[in-house]
Structures are given as structure tokens and as C-alpha cells.
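Taken in order, these protein sequences are the chains called A and B.
Counting from 1, one number per residue, gives the positions in the first sequence under the working numbering.
Counting from 1001, one number per residue, gives the positions in the second sequence under the working numbering.
Calculated directly from the structure, the hints in this document are not laboratory data.
Predicted model, so just to flag it, every value in this text is computed and none were measured.
Don't be surprised by glycine CBs; every beta carbon is placed ideally from N, CA and C.
There is no bait here: all hints are sound.
Cut-off 20 Å, straight-line C-alpha distance, at most; resulting in silico cross-link-like pairs (SDA-like, lysine to any residue): (1) B/Lys-1163 with A/Pro-152; (2) B/Lys-1142 with A/Cys-50; (3) B/Lys-1142 with A/Arg-44; (4) A/Lys-53 with B/Thr-1138; (5) B/Lys-1253 with B/Ile-1347; (6) A/Lys-155 with B/Asp-1243; (7) A/Lys-248 with B/Gly-1175.
Covered stretches of chain A, as calculated for chain B (at least 3 residues, CB under 8 Å): (8) 246-252; (9) 338-347; (10) 354-360.
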Amino acid sequence: MSRKVSSSHSVPFWRDVRVLRVIGQIAFLVIIATGIWWLLNNLRVNLRACGLKISFSFLRNTAGFPISEGLPYSPTDVNGYAFWVGIVNTIRISVIGIVLATIIGTVIGIARLSNNWLVKKLAGLYVEVVRNIPLLVQLFFWYFAVMLTALPMVKNSIKLPGPIYLTRRGVYLPWVAPTGSFGGWMWYIIIGLVLAIAVYVFRRAYLRRAERPGFPLIWAGLVLILVLGAGWFLTSGNPLALTIPVLKRFNFEGGLWLSTSFTSLLVGLSVYTGAFIAEIVRAGILAVSRGQTEAARAVGLKKAHVLRLVVLPQALRVIIPPLASQYLNLTKNSSLAILIGYYDLMNVGTTIFNQTGRAVEMILLIMASYLTMSLLTSLLMNYYNRRMKLVER
Amino acid sequence: MSILGGKGGESSSFWFIKSLCLWCLLKVHKEVALKKILVVAVLLMLVVSIGAMGQQTLATVLERGYVIVGVNAVLPGFGALDTATGEYAGFDVDYGRAIAAAVGVDVEFIPLTAGERLTALQTGQIDVLLRNTTWTLTRDSKDLGLDFCPTTFYDGQGFIVRKADDINSIGDMDGATVCVTSGTTTEGNLADAFRLHDLALTTQVFADTEASFGAYDVAGCDCYTSDKSQLASLRTTAAVPGDHIILPDTISKEPLGPLVRHGDNEWFDIVKWTVFATFFAEEYGITQANVATFESTNPEIRRFLGVEGGMGAKLGLAEDWAMNVVLAVGNYGEIYDRHLGPNGLDIPRAGSLNALWTQGGLIYCPAWR
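Whenever a hint applies, use it, and build me the whole structure from the sequences.
This is the structure in C-alpha cells:
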């Protein structure tokens, strides 16, 4: 007791580690704050010296330039909406790209661990080739060498069953378009979704109580299909109609058009990120000790079950954190779209800044958009990570 | 006042930031601190890009010993690297040399893309922009902090298409896919023209000319659109130049000329009158070959040559500055012929807006007094 009192008295505060720590933190904070203030002030002063003012009112002005992809848009819309079209296009390419890259990565990652010599080597070759060539070069390859050179002109397009047309202008697919009676049918979609979610929740709770494995998602899907089918039957006239691409003077019209830029960007990003994900998946599986596999085999689980029930759940814990950063990379790499002409937010954003001359404002907006998207992805992946984590007692 | 006042101030502030960041990196390894450093770095980039401003471009240029000119690097005829000499060559490039000759310093060319060019001038990376830039109200306004000097080339936007596609005018292009370079007035004009004619339009926008014209050249698009002079230049780079034609339609006014920063009137005047000097020389028959020995009793020409009148001092230049301009690059007609004439891009001059005013064009120099 007395020793403690004496020690706190004998050490002066400038030698007290606890006090020094606090002082250090405060000093650091002050330096950072001063630095930021100094830079911001400098920005303000210099902008004023050039006669430039930070203002976002240009977002309400008419855009006047064309965008040919994404949400319905016309050049008479305002800059702000044009930028939104760009953001949605970025989200579109990122979400589809993430799904594709994950599929490619999982398949290749597992293939690299295959006992089949050829499969193993081919997967290894894929990873090493794709991972070691810059993404930009690959995008140019897909765009200029594959899509724009190897594919035929519109007039002698490759026709696949469907009909799906492959041309230099992109891929044209048959697609469904809503008709006049779609509004009525939409109620069935809503009812179907609500019922499906309810079935999923109850079925899952039941399976958990009964301690049985099963697939509640299949039940929910069946319910949804049943309701939608009934709705289709009860609604007068078909709510959806098939549109088929037809060759006009210059291009195909009707159906779904995946532009050359979109297709090459999607393929480029998925193939590139897929290679990294493959390595992550492989590392995750290898991180599960062999004893686990052997034990699972010993209790008589089938090979597929060993992977699905024993190895993958444990591997996922290792896989998810680096996987999240690959998803972020894919989203950010999509900004290379501008070089192959896809209307992502970078492309539209720089067009707006060129048309209006608002460089600082647009760059801030572009940075804020990517930051928001990345942080949302991180949040989602962190949540998923927490759910998959080993529950420790 | 700005802390990043001049050159010296800028470099010393760099050192401060650099050492700060290094200190942070060495001292703290926590992720939070790294994020803060990132924020600082981002802001630093913003600030540094806005550095080195001011109203004294001439003084800066004289002190530096050379003038920095932003040019196009991929547009033969206007601005491109000459593969034979390794030097920049072209119509715009010659005007850069003319300005350097007027001031009596060297010149350095910086290649810029359409998207970079205005920012490069605004932020003081270059002293003058000579990259076939269209004079528009928005760009000339105080908002952007830029000023346009006299137009050196009157252009208009047109379309290049494949002969095989049988397109005779813009009206035949309903539903066509058009390749276009981003960062230009072209995108807006294109949208306007198709709206005006009520035609369906699909566009492909690229960041640089090589990619967008390249995509057109391999039939990624039905049509490429840009200023007609550029189309003439780009056609020479197509795989088979003879397969393409430029439509007669002209859908916009594209007056192209040098730009300087708004607010530096002294420098603005120098660039403006350098351009006029080339107009003047052509009007009075002064050429690169004869300017050194040109004799005249005409008072205006004597003032031009710096024999009398003190015109140089009024601009803050040497008295023989205009003579040096002509000596360096020749008069307007010579510059035009060298790059855009029959030996260059072969854009006909007679009868166009680019003819001298005495021949029905718009090339006109104000009074030299």
C-alpha cells in the first residue's frame, strides 16, 4: 500500500508513461488537425486566387450530352441525374462482376486442389497468367482484341440458339418486357415474395428445432413460383412479353443489349478478380487441417458432404476477410471502364467535369461515391464475417 | 496570402508535408493513423494541383527561361510527335513556338488529353493551352478562370463514316452507333444534332482519341464525330484511309485558338498579339524568308518590325518581338500551308473562314499602333 503511494509521488509526470501516452496522443492529434486545417485553408485561398468558387449548383443544369447505357436518360436531364445513371451503372457492373468472380474463383480454387493432374495444372496456369498481367492490359485485350476484332460485324453476326447474336457491337439476347397488364401482376409478385419469406422463416425455425438439415430456400422458391404462376393465369393477357432482337439498318433492336464495353469490362473484371479469389479459396481450404477431413471421412461422410459440411464452413472463416477486399478492389477497378467506353460513374463524372469545368467538385463527388459504395460493401462483409465466425464459449 | 506563393514556397511546403507523413508512418502503425495520412495525402494532391498561381505569367516565364505549352500529342497536323525528328510538330505547336519567340525564351511542350487540358491551365501546369480547344461561353467565363485568344482556326463538327455503309447525310443515321471522345464540346453537339433531327442515337464515349477512333476503325461504331479538321487528320491514321468519307454536314461552330488564365491581362495581351502578328505578316506579305531584310516606308509595317513606335515596350517585350515571331514560324499562311496545306492534311483554305479577310475569310488583324 505504502509502496504504491510513494511510487506515484516519486515519479514526476514527465516520466510517467501513462501521462506521456496521453500527451503523445494529444500532440499527434494537434499536428494532424493543424495539417488538415492548413491544407484546407490553402485550397480555399488558392481557389479564390484563381477566381474559382466551390459550388454544386451545376448539378441542376441540363446535362446536354448522351448516355447510351443504363437507366432511361435523355440529354435534357440534369447533370445530377446523369451522374446517378453513372453510379447505377457502376453498381450494376460491380454486383454482377462480384457474383461472377466469386463463382470463377471458387471453381478454380477448388480445381487447383484437385487430384486430377490436368485440371490442377490448368487452374494453376489460369491463376498465374491472369494474376500477373495488369488489369488495364487485360481490359484492352478483351475489348480490342476479342470483342472488336474476333467477333464479326453486325451484318454477319454469330447466331446462337435463342436467338442470341454475338457481334462487335455487343451481345443481343431475347428478353422479357412488361406489357400493359404488368401492373396487375405486380401485386402477385409482392404477395408471392411476402409468402416466400414467411415460409422460409418458419421452415428454417422448424428445421432448427427438429435439428434436421434441409433447404428452406427451395420451399420458399416453390411457393413464389406457385403464386406467380397463379397470378399469370388469373391476370387477363400476358403481363410479360418476349422481345427478340431484330436487325435494323445499323444495329439490332429489341431484346436485351449488352454493349461491347459492358461485356468486355464484365469479363475482364471477373476473370482478373476471379484469379485472386481462387488463391484465397485455395488458401482457406488448405487452412483447414487434414485431420478434419480425415475425421469426417472416418465417420462415413461422402466426399461432397465433407467439403460442404466440414471443410467449407471452416474455410469460409479464413476466406471472408480477404474476399471482402477483393470485392472492394473489383468495385474500384471498375473505374477503368472509362478507357473502354463503359458509362460508369467515372466516365460520366469526368464528362460532366469537362462540360462544366467543375473539376474539384466532381472529383470530390466521385471520391465520395466510391467511398460510400466501398464502405457499404465492407459493412455487409463484416456483418457476414461476424455471422460466420466461430462462436466461442 | 497563399502559402504556396511561388516556386520556392511550394517546394518547402512539400518538405514539410513529406517529413510529416514520414514521421507519422514511422511513429504510428495503427490503421486509424494510416487513414488520417490518406486523408492528408488526398488533400495535399488537391492543394498542390492548385498551387503556383498569380497574375505574373510573363515574369515566371522569363525567370524560368522557357514557356510551357499544352498541346495535343496524337493529332497529326495540329500537334503530334514527328517520328523523324522526335520533336513536336503541327499548327498549334508552331503557335507555341511563336509565343516563345515573342518573349525571347525557349519552349517546352506538354502533351495533354482533352479531359486534362483545362485543368492543366487552370492550375498553372502550363502557361498557354494550344490544343484545338473550342471557344465557348462557358469556358471563357470567369467561372472557369480562362480567357480565349483570337481564333487561329475556324472549324466545325462533322462525321466520318464508312463508304460501304451508304450514308449521305446525318438524316441517314437513325439508330447508328457513334464513337466520340470525352472531354470535348463534341458530345453535346452530337446530342443536339440528333435531337434536332429526331434520330435515335447510341454513343460510345472514350477518354482518348486513339481509343475512340480506333474503335470506329474496327467497326465498333458506324460513325466517328469530331471537328472536321480532326477527322481529316484521323483519317490518315485509319487502317485503310480510302474506305472512309467525311459527310458534308457541319453541325457546329468550332473556333479554335489559344487559351490563357483569366486575370493575367499582360500575358493575355502577349499571346493575343502574337497571333495577330502572324495575321499581320501575311496581310502585308512579310514571310519567314524576307522578314529579316524587309524594308518599308509604311509606318504601320515599320511599327510592326520594331523600327519605330515602341510597340514592344507596351507589351513588356523587346522591340523586334513581332519580327522574331515571323522569323521563328513564318506568317499565318506559311504556318497553315506547312501543316494543313496540300503537303499536310490538305484542308482547302481558299473560300473558307480561314482565308485572310481581304479574300473573304475571317483572318483579320486589328490596327498596329
